[in-house]
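If you're matching them up, the sequences are chains E and R in order.
The first sequence begins at 1 in my numbering and counts up by one.
The second sequence begins at 114 in my numbering and counts up by one.
Heads up, a few of these hints could be off.
[As the list claims (entries may be wrong)] Some chain R residues near chain E, calculated using beta-carbon distances under 8 Å:
| hint | residue |
| --- | --- |
| 1 | E157 |
| 2 | A184 |
| 3 | Q219 |
[To be verified] The list that follows gives simulated cross-link-like pairs (lysine-lysine, DSBU-like), each with its CA atoms no further than 35 Å apart:
| hint | chain 1 | residue 1 | chain 2 | residue 2 |
| --- | --- | --- | --- | --- |
| 4 | E | K71 | R | K129 |
| 5 | R | K129 | E | K57 |
| 6 | E | K57 | E | K9 |
| 7 | E | K14 | R | K183 |
Simulated from the structure, these hints should not be mistaken for laboratory data.
Because the structure is a prediction, the values reported are computed rather than measured.
C-beta: ideal position from N, C-alpha, C; glycine also.
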Amino acid sequence: NAGVTQTPKFQVLKTGQSMTLQCAQDMNHNSMYWYRQDPGMGLRLIYYSASEGTTDKGEVPNGYNVSRLNKREFSLRLESAAPSQTSVYFCASSESDRGNEQFFGPGTRLTVL
Amino acid sequence: AQKITQTQPGMFVQEKEAVTLDCTYDTSDQSYGLFWYKQPSSGEMIFLIYQGSYDEQNATEGRYSLNFQKARKSANLVISASQLGDSAMYFCAMRERSLVSGSARQLTFGSGTQLTVLP
Numbered sequence: 001n002a003g004v005t006q007t008p009k010f011q012v013l014k015t016g017q018s019m020t021l022q023c024a025q026d027m028n029h030n031s032m033y034w035y036r037q038d039p040g041m042g043l044r045l046i047y048y049s050a051s052e053g054t055t056d057k058g059e060v061p062n063g064y065n066v067s068r069l070n071k072r073e074f075s076l077r078l079e080s081a082a083p084s085q086t087s088v089y090f091c092a093s094s095e096s097d098r099g100n101e102q103f104f105g106p107g108t109r110l111t112v113l
Numbered sequence: 114a115q116k117i118t119q120t121q122p123g124m125f126v127q128e129k130e131a132v133t134l135d136c137t138y139d140t141s142d143q144s145y146g147l148f149w150y151k152q153p154s155s156g157e158m159i160f161l162i163y164q165g166s167y168d169e170q171n172a173t174e175g176r177y178s179l180n181f182q183k184a185r186k187s188a189n190l191v192i193s194a195s196q197l198g199d200s201a202m203y204f205c206a207m208r209e210r211s212l213v214s215g216s217a218r219q220l221t222f223g224s225g226t227q228l229t230v231l232p
């Protein structure tokens, strides 16, 4: 089992460019999450999907959109990147939104110039 | 108000000694969960331990234990017999009902404690 995988690992964008961060899990989990981690801070929830076909906003959703493509995949899109979106992005999954553990991907380090 | 407070930005401990990392939380939910994660310098997030709000006994996982004091709203992580490989950032997190959707439960993280184990 690969667990939670994310692509790409690193990305540099110019202000105004768009991109999609990909996340996939092979644990048959129902719930998936996108977090961002800024330097010296904990993770903050951007969006989550409690189950296939549903998505909800987290603490910091502005500037982002998500798609729960199927049970395995949950993508995060930046339509018009801004320097404030420079961060490390983590995808996570859990059996359900009441699960005792969230499994995290390795992260994507995004820099917006 | 902060939902999760970790008051120790940095901690040092001698190898083989025990160390306690503090975490206090704020919630009005009766049912919630508390988590600790480890983030080494390589960046990945590693789950360590979980405590449910209705669990009467403190959670333990190997060298990790969670000192849960519900009335004080604290969930301190105790690492026994520290090892050099324990040097990392440690995050406390809480799962409670979402204020946005009112149903699904999301994790809120503290700002972390950087632990350094000295040889």
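Against the structure, the hints:
no., hint, in the structure
1, E157, "6 Å, holds"
2, A184, "23 Å, violated"
3, Q219, "5 Å, holds"
4, E:K71 with R:K129, "44 Å, violated"
5, R:K129 with E:K57, "43 Å, violated"
6, E:K57 with E:K9, "24 Å, holds"
7, E:K14 with R:K183, "47 Å, violated"
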